[in-house]
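If you're matching them up, the sequences are chains Z and A in order.
Sequential numbering of the first sequence, starting at -7, is according to our numbering.
Sequential numbering of the second sequence, starting at 8, is according to our numbering.
Treat each hint with caution, since some may be false.
To be verified - Straight line, CA to CA, 30 angstroms or less: simulated BS3-like cross-link-like pairs of lysine-lysine:
1) Z:Lys93 x Z:Lys47
2) Z:Lys55 x Z:Lys(-5)
3) Z:Lys47 x Z:Lys63
4) Z:Lys51 x Z:Lys(-5)
5) Z:Lys49 x A:Lys85
6) A:Lys75 x Z:Lys9
7) Z:Lys9 x Z:Lys47
8) Z:Lys93 x Z:Lys55
9) A:Lys31 x Z:Lys9
10) A:Lys85 x Z:Lys9
11) Z:Lys9 x Z:Lys51
12) A:Lys75 x Z:Lys93
13) Z:Lys93 x Z:Lys9
14) Z:Lys93 x Z:Lys63
Everything labelled a hint here was simulated from the structure, so no lab data went into it.
Owing to the predicted nature of the structure, the values given are computational and were not obtained by experimental measurement.
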Amino acid sequence: SQKIEQNSEALNIQEGKTATLTCNYTNYSPAYLQWYRQDPGRGPVFLLLIRENEKEKRKERLKVTFDTTLKQSLFHITASQPADSATYLCARPSGSGGYNKLIFGAGTRLAVHP
Amino acid sequence: DAGVIQSPRHEVTEMGQEVTLRCKPISGHDYLFWYRQTMMRGLELLIYFNNNVPIDDSGMPEDRFSAKMPNASFSTLKIQPSEPRDSAVYFCASSESGRSIIETQYFGPGTRLLVL
């Protein structure tokens, strides 16, 4: 079955530094990967999507990469701010017939300290 | 648009009681998803609908769980009888289909359920 693995340990960084979060997947490469942000007490919010044939995608201070050789996606937040503190979830389509069915990783909690 | 609406936001009940969670998807979205989130298991898909029809309910834990979507603007997730291990946050999400196979899911605020 398809799996998504994210570092379950919290990531603590200083304000202004670049945060890098890792998402590893198993089996065949998905057609795309999605990244969501989740704040405490709220539902996940979509941030970025990167397709299999894209090496890199950017949106403001966010950057996502997709390495099909390593079976890995990296999520970067540059010039991080305390407001970026949240849990970040990686998701892939299950590939088992329903392309709308997403499998989510456990998420990585990011804490940006002033 | 108000986004995905869920009610109640919090529910505390006793073991054995029936629990009904409600969801109103974003207007025009034809996919609706029910998820459960716990610390131990993360975010798990329970069931999803397309045009009000259940497509995949393989994530529904057991017969105590049931979901319906009587129309395009309303869905319920029912647990009967509830058990303490059902305590979790339940999310509803919706998305729209289009020419692209890639859909973004929009999540509601969730219902925090505690079964005593």
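Quick rundown of the hints versus the structure:
1. Z:Lys93 x Z:Lys47: 23 angstroms, holds
2. Z:Lys55 x Z:Lys(-5): 22 angstroms, holds
3. Z:Lys47 x Z:Lys63: Holds - the C-alpha atoms of lysine 63 of chain Z and lysine 47 of chain Z are around 12 angstroms apart, at most 30 angstroms.
4. Z:Lys51 x Z:Lys(-5): 26 angstroms, holds
5. Z:Lys49 x A:Lys85: Given pair lysine 49 of chain Z, lysine 85 of chain A is violated - Cα atoms ~40 angstroms apart, limit 30 angstroms.
6. A:Lys75 x Z:Lys9: 47 angstroms, violated
7. Z:Lys9 x Z:Lys47: Satisfied, since the Cα-Cα distance of roughly 23 angstroms is no more than 30 angstroms.
8. Z:Lys93 x Z:Lys55: 24 angstroms, holds
9. A:Lys31 x Z:Lys9: 40 angstroms, violated
10. A:Lys85 x Z:Lys9: 45 angstroms, violated
11. Z:Lys9 x Z:Lys51: 17 angstroms, holds
12. A:Lys75 x Z:Lys93: 18 angstroms, holds
13. Z:Lys93 x Z:Lys9: Violated: lysine 93 of chain Z and lysine 9 of chain Z sit about 34 angstroms apart, past 30 angstroms.
14. Z:Lys93 x Z:Lys63: OK: lysine 93 of chain Z and lysine 63 of chain Z at ~20 angstroms, within 30 angstroms.
Consistency with the previously given hints fails for numbers 5, 6, 9, 10, 13, ordered from lowest to highest.
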